[in-house]
Structures are given as structure tokens and as C-alpha cells.
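There are 6 protein chains.
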Amino acid sequence: MKNGIGFAGVGDAIDDFMLIKEATKGVASNGKPFLTLILRDATGEIEAKLWDAKKEDEALFVPEQIVKISGEVNQFRGRSQLKIMAVRPAQPTDDVYISDFVEKAPVEKSVLADKLTEAIFEMKNPALQRMVRAFIKKYQEDLLTYPAATKNHHEYVSGLAHHIVSMLAIAKELHILYPELNKDLLYSGIILHDLGKLKELSGVVTTTYTTEGKLLGHIPMMVEEIGLMAKELQIEGEEVVILQHLVLSHHGKAEWGSPKPPMVREAEILHLIDLMDAKMNMLNRALDKVKPGEFTERMFAMDNRAFYKPLFEEN
Amino acid sequence: MKNGIGFAGVGDAIDDFMLIKEATKGVASNGKPFLTLILRDATGEIEAKLWDAKKEDEALFVPEQIVKISGEVNQFRGRSQLKIMAVRPAQPTDDVYISDFVEKAPVEKSVLADKLTEAIFEMKNPALQRMVRAFIKKYQEDLLTYPAATKNHHEYVSGLAHHIVSMLAIAKELHILYPELNKDLLYSGIILHDLGKLKELSGVVTTTYTTEGKLLGHIPMMVEEIGLMAKELQIEGEEVVILQHLVLSHHGKAEWGSPKPPMVREAEILHLIDLMDAKMNMLNRALDKVKPGEFTERMFAMDNRAFYKPLFEEN
Amino acid sequence: MKNGIGFAGVGDAIDDFMLIKEATKGVASNGKPFLTLILRDATGEIEAKLWDAKKEDEALFVPEQIVKISGEVNQFRGRSQLKIMAVRPAQPTDDVYISDFVEKAPVEKSVLADKLTEAIFEMKNPALQRMVRAFIKKYQEDLLTYPAATKNHHEYVSGLAHHIVSMLAIAKELHILYPELNKDLLYSGIILHDLGKLKELSGVVTTTYTTEGKLLGHIPMMVEEIGLMAKELQIEGEEVVILQHLVLSHHGKAEWGSPKPPMVREAEILHLIDLMDAKMNMLNRALDKVKPGEFTERMFAMDNRAFYKPLFEEN
Amino acid sequence: MKNGIGFAGVGDAIDDFMLIKEATKGVASNGKPFLTLILRDATGEIEAKLWDAKKEDEALFVPEQIVKISGEVNQFRGRSQLKIMAVRPAQPTDDVYISDFVEKAPVEKSVLADKLTEAIFEMKNPALQRMVRAFIKKYQEDLLTYPAATKNHHEYVSGLAHHIVSMLAIAKELHILYPELNKDLLYSGIILHDLGKLKELSGVVTTTYTTEGKLLGHIPMMVEEIGLMAKELQIEGEEVVILQHLVLSHHGKAEWGSPKPPMVREAEILHLIDLMDAKMNMLNRALDKVKPGEFTERMFAMDNRAFYKPLFEEN
Amino acid sequence: MKNGIGFAGVGDAIDDFMLIKEATKGVASNGKPFLTLILRDATGEIEAKLWDAKKEDEALFVPEQIVKISGEVNQFRGRSQLKIMAVRPAQPTDDVYISDFVEKAPVEKSVLADKLTEAIFEMKNPALQRMVRAFIKKYQEDLLTYPAATKNHHEYVSGLAHHIVSMLAIAKELHILYPELNKDLLYSGIILHDLGKLKELSGVVTTTYTTEGKLLGHIPMMVEEIGLMAKELQIEGEEVVILQHLVLSHHGKAEWGSPKPPMVREAEILHLIDLMDAKMNMLNRALDKVKPGEFTERMFAMDNRAFYKPLFEEN
Amino acid sequence: MKNGIGFAGVGDAIDDFMLIKEATKGVASNGKPFLTLILRDATGEIEAKLWDAKKEDEALFVPEQIVKISGEVNQFRGRSQLKIMAVRPAQPTDDVYISDFVEKAPVEKSVLADKLTEAIFEMKNPALQRMVRAFIKKYQEDLLTYPAATKNHHEYVSGLAHHIVSMLAIAKELHILYPELNKDLLYSGIILHDLGKLKELSGVVTTTYTTEGKLLGHIPMMVEEIGLMAKELQIEGEEVVILQHLVLSHHGKAEWGSPKPPMVREAEILHLIDLMDAKMNMLNRALDKVKPGEFTERMFAMDNRAFYKPLFEEN
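Chains as they are written, first to last, in UniProt numbering: chain A, 1 to 315; chain B, 1 to 315; chain C, 1 to 315; chain D, 1 to 315; chain E, 1 to 315; chain F, 1 to 315.
Quick caveat, the hints were computed from the structure, so don't treat them as lab data. Some hints here could point you the wrong way.
To be verified - In the DSSO-like style, the derived pairs of lysine-lysine whose C-alpha atoms are separated by at most 27 Å in a straight line are:
| # | chain 1 | residue 1 | chain 2 | residue 2 |
| --- | --- | --- | --- | --- |
| 1 | E | Lys253 | D | Lys260 |
| 2 | B | Lys214 | A | Lys253 |
| 3 | D | Lys309 | E | Lys124 |
| 4 | D | Lys32 | B | Lys68 |
| 5 | B | Lys49 | D | Lys54 |
| 6 | D | Lys253 | E | Lys151 |
| 7 | B | Lys260 | A | Lys260 |
| 8 | D | Lys291 | E | Lys183 |
| 9 | B | Lys32 | B | Lys54 |
| 10 | B | Lys151 | C | Lys253 |
| 11 | B | Lys124 | C | Lys291 |
For clarity, every value in this text was computed on a predicted model and none was experimentally measured.
Here chain A stands alone, though its shape is the one from the complex:
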């Protein structure tokens, strides 16, 4: 079994550096204040209670602070909880950095950038290619570091680019199996479909939703961005509307946030590829944490199902 809090089981002893993600003050039933800490390393997160917290503790143990912590993993109401034995803030001499404690895509940023460039090189339709190129230029930094979501799938550094690049790989193969697919359109749709998240989400670490994101959502925001960009680049022709349609419809149904369902072949396939890669990402990471013969925890974003790892898998 691998190292890290994401892989720790009940009874395991912990003695390591971790990052405070959230810290909330509470009052215990004996009337004394305590802190509820959400701690994380690059493999996962865990809750911990700091009992009898003093005023100084409240000032020391705040979000984005790294701490050295030792304790034991217990179970509380069916969820893991870290029982704290000792905790102190990290010192400069500890030589630890926030970036050590956040989960990252399993592929390097530079590789992701290269894959995106490759895909654009394969495109032939000038309108689509210019549009995509302009967006990649506009958002180059954020696009390579943002997560694809705050939770569920690809919710780690470079998650968005990782998701796009995996989807492009599926699209490439599907285009060989089904040559009727317009590869340029599908590629553009894949690269742009979630770029609205760069404005919907607040940033890379301890990500939340922006006010604009809450009130409009990434889909209409990106449809608008495509319209503005087309105007700026003076691109005309149906490509613009079709690309807006691919973005608009990629959640598949009105109830899921797409006011129009897919009505173009590549829009339908974009929706399916998005589903497939998101589900594989969630399933692989959840099954990675259980042994053959066990079920994972229930996964909210998979309709609350628990998945089984068959006995004949060699883990």
C-alpha cells in the first residue's frame, strides 16, 4: 500500500508534515473551545480535532499553514479522524512548501502543454484553429495549473489540462474508428469546453466559486467568451455558433446545466468523452485505495454507488 494520508487506515500512526486546508472554531460539551482542522497532503485529506485550543492556537493554526503533526487514525461516525498527539507549525528550516501538499496531475505540465500543441497542429480548419490558438495563448498559465473542479474528478493541480489531454487521446482514436467525426471540431470543443472554469473557480489551491461563477456558471460564461473572441479575431462563418453549441450542450441535458442538448454529432460525442474520462478518473483513484474483494466508499458523483474490486484483480 502506498504512503500518505489518502492511504492510511484506522489504527495507523502518523508523524508527518501536513497542510491546513480549513480551520473552524467550536465549543466542546465541557464548554472549552476547540479547533476542527482539515489537513491534507498530496494524497488526500483527513479531519482532526485540536481540543482545548487556546487563543494562540487559533492564530497559529490557520488555512494554508503547514504543520508537523503526530497522531493516530481513528474512526468517528464511520469516517476517519486523526487523533492529535502533538502538533506545531512548520519552520523555515523544515524545508517544506505548500506545493508539496497539494495533489497534482500524474503528468508533467510541460508534457500537457506539448500534447495541446500537437493537437492544434493536427487541425486544418483555419477558423477553429485560430480560435483555439487564441484561447490557449490568452489563458496559457491558468490553463496549465487550474483543477477541473473543486471536487469529484480532476480536482488537483493541472487537473483541467490533464482532463483535456486525456479527452483528446480518446477523440483521436474514436476519429479513426468513426471517420465521419469532424476531428477539428471535436478537438476544439474538447479544448474549450471547460475553459469557463478559469473564471468560475477562484484559483488553484483551496478553490471555491467566484460570485460571477455562482450567478452565471462556466457554460454561459464560455459561450460569451467565444462570441467576444470571434469578434476580436473577426472570425465569421458557422464555426463560431457550432463551437458555442458544443460548449453550451456539453453537460448533455437541461437538468445538468445545458440549456440545449447536443444537436450536432460532435457535440454528442464530446459529452460522452467528457463523461468517460471523468468517470475513469474517479473510478481509478477510488479503486486504487481498496483491496481485491472490497467495495470503495459510496461515491456521490457516481450516483452514490460503491464499486467492487473483483478478487481476480492483482490489485
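Use these hints to put chains B, C, D, E and F onto chain A, whose structure you have.
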């Protein structure tokens, strides 16, 4: 009872000018061709069959052609059908015009224009006022002639402006009863909420959906337009996003085409005022056609309900 | 920011009289008994824990007892909780009364009574007018003091009459904008629609549901009452059935408790006015508690939405 | 196979008296008028077209007229249709009566009356017994002749009483198997549950819905009737409310017309017995018309299912 | 009121033997470990906390261990909780056995076995009879001891057989009232419908789901079993498929686990009898615990309804 | 545009051999009999009316008869209809065969067989490989000729094998992109998932559902078959249950016919690959029939959507 095809009952004789809205060729069970005509005047429409149609007839009786027709109203499969006795195309000397045969708002265009201007004068927030003023200028002609829909409610010439002006009147009174409402925001939302229909619908007569309208819908198109206009007018501040939110959410629920539900007080009230005016428009026109003690036909857009006119109404 | 527990934030000190709404005994993790108190003043309510509660405390701190309490507002599992420093029952010399601690409509009872009388004066249909007059006479006291519900909207003293009077004001304006509406019918429907709550709810303070209310609900109970009253007053004619229909259908849909949907124009509008006033009541009170740029708490009766107060509102 | 139009197959010759249930005028594609007749005998109904109908025919062939008809059963758009060879109105000398052509319950009226009396004799609770007795007296004639519905189940003369009596038989046995059931309450609920139909439906032959029935429905009408009757008989005690609850909740769910779901044991069982008898009635009559190895037609009131008669049934 | 934990109210003192059903370790807010015990006797279960649990305690107080416990029933977050005064493991000399602490069907195993045999004797169709007989022989022991479910209804020793035998009794009476029903088919369906639970559930005490049960469910497993058994017994003819259909469809709807809805008369009735007996079982046991004039707790498997026991019930 | 009835437009003349798929007798409004023929060639089908049909015609023009027909494509109620000029049964000398008129997979049977063999060669898990090999042997002929459905997707000769082979191609690529997938399990699931259709459907031409298919459905039938085969081959181990789970869950949701949702990684992916290939098959064939700038007809199995072919597609 009023005059016009919308008020004619089974057995009534008809001898009048009407406009051909649709003409479709068919083959009768005796093997001879016939034409199915949808005829209309300013009060409604009716189907008619022209049996034994000759090649010349097919050329004469086409959409947007006015005809002089005499016949009798029959019933066929539970719906009214006009039995044609005689029919001829209108002549220039007949002195009849297409505009005579289309339904119009019960309020003059100039009155509607004045009411819009009045509302803008009442507004004080400069960002909102400039935005609204710019849109009214941009679309001034279409805004005063377009219908609000292809069917169901306000589906007549100037229907969109009629709908907006009625909604403004409700908003004005609600603002007095509930002074917490931001009148400027509510007015702007009302005026802009359906302007996307000017691009979603094909025109004023024999209206259909544009390709862009089918693939994107008027809501995301208008959200984009507001973004473009704000950029053009260099308007900044939260007014832009809030106005986009009002437009985006005005259908109330994801299943009804709003990817975000109302999350601002005026957005919620805009949705309710929209519902109220649309329903009053449908109900009044349907109940106008029945006598006390009768039910209307089932109305699809009112959840397929038939409405009853109580006996104590004086019609 | 206004005074009162409904406006207190985390960290605020409290030193005031409050009313005990609920008191429940529990056992702490150290094995000692404690009391969970729900305390309220005229602006809202808060939970508090009385640790190490003695037998005497259980007898002293009971529902409808007023207490003098000092403490500090803390946060517990995301909700406010009052940390008790000192608490004692109120004395006669404190000169405080239960009626000081319950929320009341922002309009005086006498004004509400006058508004109802005015509305009845405007009515011309004798059957409807006699019916409404008889009910107002029958229930005059309760009608002016009952809340409209146990929670969500108008859940305060005189809430029912406040709701009715606000709805009448909307109806009056709508009747001017849409003269097709039968004002007498709409007024009668508004005044009677929720009177069944006088039998469904247990009373004015610490309101619960009666057994009859749970088994039948206010809608069928009021339909029955109208039938009985018509018999008593020997009123005949369709007005009785139509009025029963307005009451029966005012929740709009079978799933929401109306076995028949609105099938009369005024029934549909009654339903919409009811929605509009209930929502305005909930929204205004929730938004009153947040600052510009903030979201309210999620509101269960508004489909669990949180509402945003734009930055450009002057609070 | 049995005799009668309900059992006739495509190709069968017909030469018999039938009752006209509906007659509608139409115009054929050759421009000549025709009549669409819905004809019935005691076993079922069939559509027939009378081509080239003259003015006299329109006057002769009207609803509730008995006709002597000969023809052949054909198929038209997947449904049976009677091809008319000859048709004439019945003469007094033909010695046929409307009552010969309507379907009747398979049990005699007098037997049904006796069974109801027996059930009342078994009851011991005086409040319930007096209430039921009063209703049976009030509606004695209609109760023994009305159908239970206009279509689907027990839609024949005495259908309502037949349905009640079958349900009482099930209740009697269930009470033996589950002695916890309050037999008196269950019996009263069964006898009264659908009596509102006597006011919701227009009569015994060619039954439609009354205006009151459409606007209120039989359930709230019967709840009101119980309230009025209790007042008249000066019955007090919880029996009245519980009986109203049984009637109110007997459709089981709000979506099915019960604003409150069953919340009393006997209410839940009443709902299930109602379902069971209605379904057996529909299934037996539909399966009676097919041979082993065949499926019935799709049955709308059985969720549009077609039922299979196994090969090992001896028909 | 009856004896046993299922009937104990808040404040009652307890001094009795109970069985530990579950034991979970936790950490209290003072940092000390505690055990959460779920204790049961033959009438119900209750939660209890063992504070300051030592390592020895963790080893002593484990599932399926009988304990002698004294304490008091308290309320915690609206649910009963046993406050432990003293607890010790049972000794051999205490003369108590696991079987004393599990709920059992109110009918003896031998009686249930006889009733099953009787039913088989009544059957005449040889294919159905041989099939049923073979299954009863195959599963004779488990069939008489298994519960019908892990919770909700008949979740006690011999619950499955008790459920089957009650259903057979209803079927017998229904067959008399509706002689069209094929008794042999209905009996076979009732006896076999839930036998898949013998493989879906893990056993008689502290029952859980098997992996196979989770992945396939008892319905498809039993359809397969019938196919295998028919092959083994060399039974041919439509009886096999029809019996598989009865089992497959007995949950009534796809959403409830039946991929095909009932399409044979006896399948529909089997579904209704199953519902009726399950509901009577749940209702009788819940109402047994409340007094006249009270509501039961909300019952999850009854659509979360609370049921009322009328005042005129003699308890 | 391609040849064949599937590509013919209104006004096109037809003079070709076609196969009668259905023939229904009707009576025209002039009282004369006619035949409604559904005619097909390898590209599609069309309705035609044979007016004034004589007894001989009824005998000549029957399903599975090939005819030489000339006529013109007309439009009737919005659908194409062939107006018959001349028609005669085909003669032996015409040298035409039923197999010429049925649609076939675009890939040869032998190629499909080879692809299946290849896939099995790639498998390494002996239990899975033996199982799959045994089924392919058992059904070798039908598996290569059956359609995958009666309508919607792959509803042509060899459609089932074509569907399987396309899915295997996707699976092969996905396994490279996501090496966590168990290729053997996914391959087995794909090959077996729809084999139950060989018993659910009646055959290759004019395919309908068998009685067993209607009552049980292909999913439970195949789960049973796997159980029987495992017994026959004496295969034990979890592979059998997991394979049954893949088949059982491949429709994804209970409402869609899978009583258990996918709970194994490969089950989830099997469901998605199935969807993807079915949708591509429907989309490609529908879009093949329209020109750039046009929408397809509404497709029932694609949630009734019409799909758009962008202008920039080169057809």
C-alpha cells in the same frame, strides 16, 4: 360574438378575404391531388382542403397569398375545417394587404414605444440605464414589431413589446407595494429578458426558429449580447453580471432552460411577473372565445388544462 | 445593523431577556445531564446549551418561560449557538411579557382589520360578499392574530391577516391592469384561501399542527367549511362551487396539495399572487440580514437556494 | 367464444340491434357528408361510418337511438370498425330497450343491496354505523345503479355497488387474517369512499362529468358531505374526522388526487383493497377476450401494459 | 404495556440481559475512547455509550456477546439512548442464549412448515408442484429460519416463511372471491418469489448482504435458479417461463428492481399480496408501540409516513 | 446522393424491385377495399397504398413477396408515400432474392467472425476465455446474422456482430489509454452483453419479440444462460458472478432495465461503450441522409432530438 374566423362556429357560412399561411400538397384516396391550406385573418386560423387541385392551383395558392374565399365551417376529427365553396386570389383592386390578416397587439406601436421611453426615464442607475437605452436603440424597429413567441402567448405583431410593457406596469405597482425591490434592476431585466428572441426568431410573419436560435436559444444569446454591449459601452461594475443573471435565470429552472435559477431578489420577481403576464394573455384570449358555463379547449402551455368561465360572468 | 438575536453575529455579547421556546434534556459525554434551550426574541431564535443542569433547572427552564440571559454567540457545526454565562428566570418586577418576545406583523392589527373591511366594501356580488362577511365575523379574533404558517413565510403574530392584506393589494392593481379579472371572486378567494389554517394550526404562540390538521389539511377543511356556511346562509348559485374551487386549487398542483389544478382564471391568479407574496416575505426578511456582496443562508422553502445581495444595493 | 360486439373479430358478419352512443358529422374527401357512429351492445362498442349521410339520416341516427344494423367487422388503423351494409332505426314492434344495450354488473341489484345491508349489520361502532346507514338511505337508488367510473373499471350499470360489495368481501377475509384491523372503520370507509361519484358523474347511461365534478372532484365533495351529515346527525367524536381521512386519502398519493396520504392503518388497507378490486375487474374482463397464448390490448389504466394469458390456462 | 426494550420509554430503568449487535470505538471530546453499543433483546434495540472504555472493554464487549446491563433510558437527539450504570458479560451460569435475544416470527417453525406442505397438497399442476416441492426440499432448513429482509418488514427469525405463509392465506381467499385466478400459479409464485434471499442475505443473525447479493440481487438470482432447477428436473412447458416472470416482476416496476412489470394476471396479484402483507406487518408492529391518540415514528419504508392510532381504538 | 428508397425525395420517380414488409387491408371512404403496403429495399422503407384492391391482389401482395413497382414519391401528412403507377409480383426470371432487399452490416460476416476470434486470442484469463469461446461456439450461426435490435441501432443483418466488433475496437484503445481496465473482463462483457437477444428476438428478417423475450427480456435470460454454461463447463470463481453482473447492469439504470447499476469498473465502461457505439451508428446513418445546413428527422432513440449537419461539412 365577435367577427372573424377565430370566433366562427360549426355551421357558420364564411365569405371573406383570408391569408394563406401554409399550403401542402397531398394525394386523396381517389388518387387525385389536393391542397391543404392553413388560412388566417386577424382573429385566428382554420384548415381547408382544396380538392382536385390542378397544377395552376398549386402555383396560385401559396403562402402569403391573400384569397377571397366562401364556404362553410365543418368539423373534422374534433377540429374545425373550412369546406371551400369558391376561392380566388385577391386582386390589386380588392384593396387588401397582408398586414390586415395578421393578429396585432391591442395597443398601438407608438404607445408601446412611449411606455418604454417612460420607463427608461424613471431609471436612475446610470450603468443600467445606459445599457437598456443602447439596446433599445440597436433594436428599435424589430423590438416594436416582433412577436414574443411563435405560439402560446403574445404570438402576434408587436407581441414582444406588448409583453414588456405589461410587465413593466406590474413591476411599477409591485415596487410600490414592496419598496425593497430595486426598480431600476427590475425594469432593465424586464426590458432585456426576451430580446434574444430577435435573433432566435426569423421575423414577424410566419415566424420560425433560426438555426442559431435552435442551437443556442435566446437566453445564452442575450447573455452574450449583454457582455458585448457592456464592453462596447465600457460599462463596468456588478450591474453587468447581475443583469446577465436576470436574463439567464428568467425561466426559473434548469429544466425550463435557465442553467442557473434566480438567485437575486429581482430575478425571482422577474420570473414571476413573466409567468403572470404570459398566463393572463393566454387565459384572456381563450376565455374570450367561450360563453359562461363553458370550458375552453385544453391549452398545451397551461399544462393542458381547460378553463371554465363561471355562469355569473357577464361574458 | 439592527438589534435582537436575529441580527447577532458570531462573537457578539448578549445580555437580555429572551423567551424559552423549547427545552430538551440530554446527557453529555461526561455523563452529566444538560438542557438544550431554543430561545427567542421578536427578531429571531438561537440554540443554547445549559451544561450540568440540575433537577431544579429542569423545572425552572421550561417552554414559555422568560429568562434573563447573558452570554456570547459562538458557532457550532456551521450554526450560531449561544454560550451561556448566566441565566435566571424573569421576575414580575422585570416587567416583561410573552408578547414582547414573539415576532409580529409589521402592520398593526387595527390597520389589517380596516383593510379587510375596505376590501369587502368594494365587492358587489351579494353571494360572495355575504359569504366572506360571515367568515370574517365567525373568525374575527383568530383571523387577526394567527400566523400564516409554522415556518417559512408570515410565521408571526397576525401573519395570516398580513398575508391576506398584501395579496389584496396586489389583486387590486392587477384588476386595473387586467380588467377581465373578476375582482369580487379574486378578493373572496384571497380572503378565504388559508382560513382553514385556523383549524389546522394549534394557536398563535409555539404553533403546531392539530390532529385534524395532520389528517385532513387546511384545504379540504376549508372547502367543507364553505359548504356548511353556504347551507347556513342559504346561498345558492355557482358562486359557492367556484369559491370552493379557488380554495381547493390554490396550491396549484396535486403534488403540492391541490387535488384539482386551477381551472378558473381567478384561481390561477390567486395561486400566483399567493406565491408572489410568500416569496417576497421570505426574500425580504432573509436579505435584510446580509450585507451587499453576501449570500443569504440556503432557504429550504425557496428550493434550497441562497440569494445574493448585489454590491450596488445600499443595504 | 361468447356473443356480442365485444367478442367479434375482423371478418365477422354482424346482424343485430345496437345502441348509438355517439354520432358525429364529418365531410369525406369526396366532399360528401358522413356520420361516425359509436355503437354498443351489452358486451362492448365499435365505430362505424355511415357514408353519404342525408339530412334525414342525421335526424334519425342520434345518441340513445337503437338501430338494427348489418355489416362486417373490418380493421382501420389497427382498430376494429364496422362496415355498414344496412341500418334502420328500431321500431316499437322490435321489442328492444336501452337497458338491453348497456353493460351491467354480473350480480343482481337486489343481491348487492342485501350484501350492503349484511355488512352494516356486522358493524358495532354506533357513530360509524349511523353515518353509513344515513348515506345508504340518502342515495339508495343511485348507489345501486351508478357505474364506478366512466371507463377503465366497473364502468357499467351498478358498477359502483358491485365494486363496494367485492371490496367488502376482501375486507371481511383480511380482518380474519389480520385481527388488528378495525372492521367497522374499514367497512365504513369502503362503503363511503366513492360515493362522491354520485355527484361527480352525470348519470347511469352515457355518463360524463358534471361541472362540479370537474372543478372539485369526488374526493373533496365526499369529505364535505360527511361533514354535513355528521352535523345533521349530531355525531361527534373522532370517528367523523377519521372517516373523512379514509375518503380523502384513498387514492394513496397527492399525485393521484389524495392531498393527504393514508395515515391510519385502515386507510392504507382501504387504498390497497380498492386497487386490488379495480385491477382484478380490468384484468378479468380483458383476459376474457383473448385466447391462451395471446396478449390483451394495451390497457391504459394498467400503465399501458398488455397482459398475457398462459398456454396452460384452459381459457 | 409489554416488557422489553422495544416498549421502554424515556425515564424507564433497565436491568436485564441483552445481546450486543454492534460495537464501534470512538474518541470523546475529552480525548478518551468510548464504545458505542447497539444492544437488543427479542422486542427491539437501543443504542448505548460505554464511556472511558479500556482496552479490556474493547475485547469484552463485541458483537454476539450477551451482557447483563443496568441503566436508564434517556433521549439523545430525538432518539432513545440507554445510559449505562453497570455492565458485565454474561456467564455460563446465567443460563442465557443468543436465541433468547433475537426476534422471532409469532408462529412456530413447525406450524409454518405444515402450512407450506398444505399449500403444496392443494396444487394440481404437476410442473408447478414438482418445481415448488424441489425448492422446498433443497432449502428446507434455511427457508424456515431466514428473515425476509435485513430491516423494515419480517426482519426476524423465520420471517421469510412467516411472510410466505401469510401471503398464501390471502391468496387462498382471493382465489375464492376471484375464481379466474390460477391458484397453482399464484401459490408457486408466492412460495418462490423471495427464495433468492437465501443467497442474497448472509444468514439468520446480524444479517448482511453477500457480495453476490449486492452485485446481482435476489430477483435475477432466483430466475436463474428456476432455470437450473427446471433443467435438472427436465420440466418443460410454459410453466417455467411464467414462473420466472412472476419472480422477475414481483417488485412491480423497473425502478423498484423488476426489469419487466407484471404481465400475467397472477404476477400482478402476487405483487399486490406481497405489498399488502409487508405493509400489515410493518403497521401492526409500529402501532403496537403507541397509545390511542398518538402517531408512530416516521416509517422509512412507508414513504416516511407517521401513522395515527385513533382514540376509539381500545389499544 | 445515393440510390435506393432511403435516399429518394418527394417528386422522385421509382421503377424498381422492392420487398413487401407488411400488407394491411383497409376500406376507403368510397367503400372500396385497399391495401397499405410497407415496401423496402436495402436502404430503407416507404408506405404505399394499392387502391381498389381485388381479392386476387390480397393473395398476391403479401409480406416477404418481392414486387416490381413503378410510381412517384409523394408526401402525405408530412411523411413520404409512394404513389403506385404499376405493380406486379417478381418472377423467377427476374433473378431477385429476399437477401437483396434487407439492410446488411457494412462489414462482411467473415471479417466480423475473424475479429471476434482475434479478440478471444488476446484474452488470458482462462475462465473468461473458456466461457466466451463456449458461447461463440453455441451460437455461431445466429450470432453472425442476427440484428442487434428491431429498430433504432444496428437493426440490420449481422447488426449484433457488427455492434460487438465496433465495441471491441473502442475497448482495445481505451485499455491502452487506461491500463487499469481489465481487458479480458471488458472483452467478455462486450461479447456476451447482448447475446440474450438471440432468444429475445424472433429471427433475422421481419424481426419481432418472442413471448419469452417479452416476459423476461434479454438481460435476465442471458444472466441465466451464463449460470447454466458455467455449471456445464464446471467453471468456478468470481469470474462467473462478475460476468453476470456486467450483463445485468449494462443498461446502466433500473429504469432502463438493469436491476443493478454498474458496480465494477469494467461494467461502467461497458455501459458507456455500448451507448457510444449505438449513438454513433444512429447518428451516422441519419446524418448520411441530409445535406449540410439541414437537420435530420427527430430521432426517438436520441431523446427525440433532430441533429444538424454544419455547413462546413463536405457532406
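Open item on the list: So if I understand the rule, the pair passes when the alpha-carbon distance is 27 Å or less; does lysine 291 of chain D with lysine 183 of chain E pass?
Closed with: Holds - the C-alpha atoms of lysine 183 of chain E and lysine 291 of chain D are around 19 Å apart, at most 27 Å.
- [ ] For the pair supplied as a hint, lysine 124 of chain B and lysine 291 of chain C, confirm whether the alpha-carbon distance does not exceed 27 Å.
- [x] It holds: about 22 Å lies between the C-alpha atoms, which stays within 27 Å.
TODO: Measure nothing beyond the straight line between the CA atoms of lysine 32 of chain D and lysine 68 of chain B; if it is 27 Å or shorter, mark the hint as holding.
DONE: Distance of about 23 Å is within 27 Å: holds.
Open item on the list: Tell me if the straight-line CA distance from lysine 260 of chain B to lysine 260 of chain A falls inside 27 Å.
Closed with: Given pair lysine 260 of chain B, lysine 260 of chain A holds - Cα atoms ~14 Å apart, limit 27 Å.
Open item on the list: Against the 27 Å threshold, does the CA-CA distance of lysine 32 of chain B and lysine 54 of chain B hold or violate the hint?
Closed with: The hint holds at about 9 Å.
Open item on the list: For a C-alpha distance cap of 27 Å, please report whether lysine 309 of chain D and lysine 124 of chain E respect it.
Closed with: holds, 19 Å
Open item on the list: For a C-alpha distance cap of 27 Å, please report whether lysine 49 of chain B and lysine 54 of chain D respect it.
Closed with: Roughly 22 Å between the alpha carbons, so the hint for lysine 49 of chain B and lysine 54 of chain D holds.
TODO: For the pair supplied as a hint, lysine 151 of chain B and lysine 253 of chain C, confirm whether the alpha-carbon distance does not exceed 27 Å.
DONE: It holds: about 24 Å lies between the C-alpha atoms, which stays within 27 Å.
- [ ] Decide if the proposed pair is consistent with the structure: lysine 253 of chain E and lysine 260 of chain D, CA atoms, cutoff 27 Å inclusive.
- [x] Status holds; Cα separation ~24 Å.
Task: Satisfaction of hint between lysine 253 of chain A and lysine 214 of chain B, Cα-Cα up to 27 Å - done: holds, 15 Å
- [ ] Would you check the hint for lysine 253 of chain D and lysine 151 of chain E, treating anything up to 27 Å between C-alpha atoms as holding?
- [x] Within the cut-off at roughly 24 Å; holds.
Going down the numbered hints, you'll see the structure goes against none, and every one checks out.
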